[in-house]
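The primary structure of each chain is shown beneath.
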Amino acid sequence: MRTFPFKKRNSGNVAKDRLKLLLLSERMECSPQMMRMLKNDVVHTISKYVAVDEDHVILQITQVPPALSATIPILLQKERMEFLG
Amino acid sequence: MSEVIVITSGKGGVGKTTTVANIGTGLAMLDQKVVLVDTDIGLRNLDVVMGLENRIVYNLVDVTGGNCRLKQALIKDKRLPNLFLLPSAQTKDKTAVTPEQMIKLCEELREEFDYILLDCPAGIEQGFKNAIAGADRALVVTTPEVSAIRDADRIIGLLEANDLRDIALIINRLRPDMIRRGDMMSVEDVVDILAVELLGTILDDEQIVIATNQGAPLSGDHSMAEEAYRNICRRILGEEIPFLPLEPKKGLLQRLFKKH
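From first to last, the protein sequence lines are chains A and B.
Residues 1 to 85 (the working numbering) are what the first sequence spells out, left to right.
Residues 1 to 260 (the working numbering) are what the second sequence spells out, left to right.
Hints are not guaranteed to be accurate.
As the list claims (entries may be wrong) - Counterexamples of contact, computed for chain B against chain A with all Cβ distances above 10 Å:
(1) I179
(2) M185
(3) S186
(4) D205
(5) N213
(6) S219
To be verified - Partial list, computed: chain B residues near chain A (C-beta under 8 Å):
(7) A122
(8) V146
(9) I149
(10) R150
(11) D153
(12) G182
(13) D183
(14) M184
(15) D189
(16) I193
Since the hints were made in silico from the structure, they are not lab data.
Remember, predicted model here, so these are calculated numbers, not experimental data.
Note that CB positions come from ideal geometry on N, CA and C, so glycine has one too.
Could you build all of it, start to finish, from the sequences and the hints given here?
Written as structure tokens, this is what we have:
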């Protein structure tokens with residue numbers, strides 16, 4: 001918990017965020033650990049073909065309609081050079 | 001056409017029984033013939049909330065087991081002549097009733113009543129399966145707390161899996177002061193998370209405790225909770241009632257001299 005002068009995050013929002021994550025995996029009958037494994041596999045598969053910004057991959061389930069969607073940022077040539085130093 | 005509505009929540013203690021008592025009373029006040037069925041075998045509750053605990057002779061298990069006729073087990077409300085209660089049994093055997101028996105019972109009650117409200121036990125065991133077996137529609141009661149919402153989500157999933165797709169949400173025990181501070185999830189947050197139609201919102205109101213103490217739901221104290229229950233009843237009947245803001249707009253003087 002942060003103290004003054006930083007504003008503390010409202011507990012209502014904390015509850016909402018926690019629930020969203022939890023219900024997501026429960027609705028899929030997929031544990032957070034399985035989600036992580038799935039994410040790793042997806043990243044691994046895609047990386048065979050294009051360079052992926054692994055730290056910014058977002059894997060999520062939307063409710064209506066139920067769908068699994070992934071946002072996988074791709075590293076372009078220039079960025080890749082910077083990334084690899 | 002009569003309708004069988006199951007009131008369920010998953011988690012215990014969120015206000016299912018109070019909701020059944022108040023919606024039942026509200027519908028009866030709107031000239032509907034209503035029966036409340038307590039399906040929580042072994043832990044009967046609805047009778048005390050309705051103040052009818054001293055009038056029980058026969059119960060749900062007596063009816064499904066054929067020990068008495070349905071009419072013998074129905075208890076008439078103290079105030080409203082068109083409101084009845086079918087109390088649960090205090091037997092320990094929770095398997096005393098089957099889903100098939102419940103479906104048959106609901107069919108019988110349909111002939112006599114406009115609305116059949118089933119008070120579902122907490123949990124997802126046999127009692128839950130019994131309660132939802134004969135229902136056309138489900139009202140899921142929750143409070144703006146993580147545990148209750150998680151269980152409500154699970155219940156919604158189970159209802160859909162059992163082909164009960166007419167599901168509406170009642171959010172109970174809202175505290176406008178806490179929502180304003182950001183320390184309680186708002187109505188919008190809860191609806192957003194659970195993604196089901198909202199039927200009504202009830203404020204955390206001490207009048208509810210008082211009414212339950214007295215065994216007299218909706219006794220005309222004109223509290224916010226009473227108003228909310230009345231609106232829910234009218235929405236059940238198909239009226240379009242707008243959702244009011246949780247807090248009535250207060251004047252400057254009221255804001256300066258508010259109690260808490």
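Verification of the hints:
Listed as a non-interface residue, B:I179 fails to keep its Cβ farther than 10 Å from every Cβ of chain A; the least gap is roughly 7 Å. Distance to chain A contradicts B:M185 as a non-interface residue, since its nearest Cβ pair spans about 5 Å, not more than 10 Å. Against the 10 Å criterion, B:S186 falls within the reach of chain A, whose nearest CB is about 7 Å from its own CB. Distance check on B:D205: its Cβ is at least 20 Å (rounded) from any Cβ of chain A, clearing the 10 Å threshold; non-interface status holds.
Here B:N213 stays apart from chain A, with its beta-carbon at least about 31 Å from theirs, past the 10 Å limit. Remark: the non-interface label on B:S219 is consistent with the geometry, its nearest Cβ contact in chain A lying 33 Å away (cut-off 10 Å). Because the closest C-beta pair between B:A122 and chain A is about 18 Å apart, greater than 8 Å, the hint is violated. Given hint, B:V146 at the interface with chain A, holds; its Cβ is 5 Å from that chain's nearest Cβ, closer than 8 Å.
A least Cβ separation of about 6 Å between B:I149 and chain A falls short of the 8 Å threshold, and the interface hint therefore holds. Annotation: B:R150 was flagged as interfacial toward chain A, and the flag holds, the nearest CB pair being 6 Å apart, inside 8 Å. The criterion of a C-beta within 8 Å of any C-beta in chain A is met by B:D153, whose closest approach is roughly 5 Å, and the hint holds. Below 8 Å, beta-carbon pairs count as interface contacts, and B:G182 has one with chain A at about 3 Å; its hint therefore holds.
Among the interface hints, the one on B:D183 holds; its C-beta lies about 5 Å from the nearest C-beta in chain A, closer than the 8 Å criterion. Checking B:M184 against chain A: minimum C-beta separation of about 5 Å stays under 8 Å; hint holds. Evaluation of the B:D189 hint against chain A yields a held restraint, the C-beta minimum of about 5 Å falling below 8 Å. Proximity of B:I193 to chain A holds as hinted, the smallest CB-CB distance being about 6 Å (cut-off 8 Å).
The structure is inconsistent with the numbered hints 1, 2, 3 and 7, although it conforms to all the rest.
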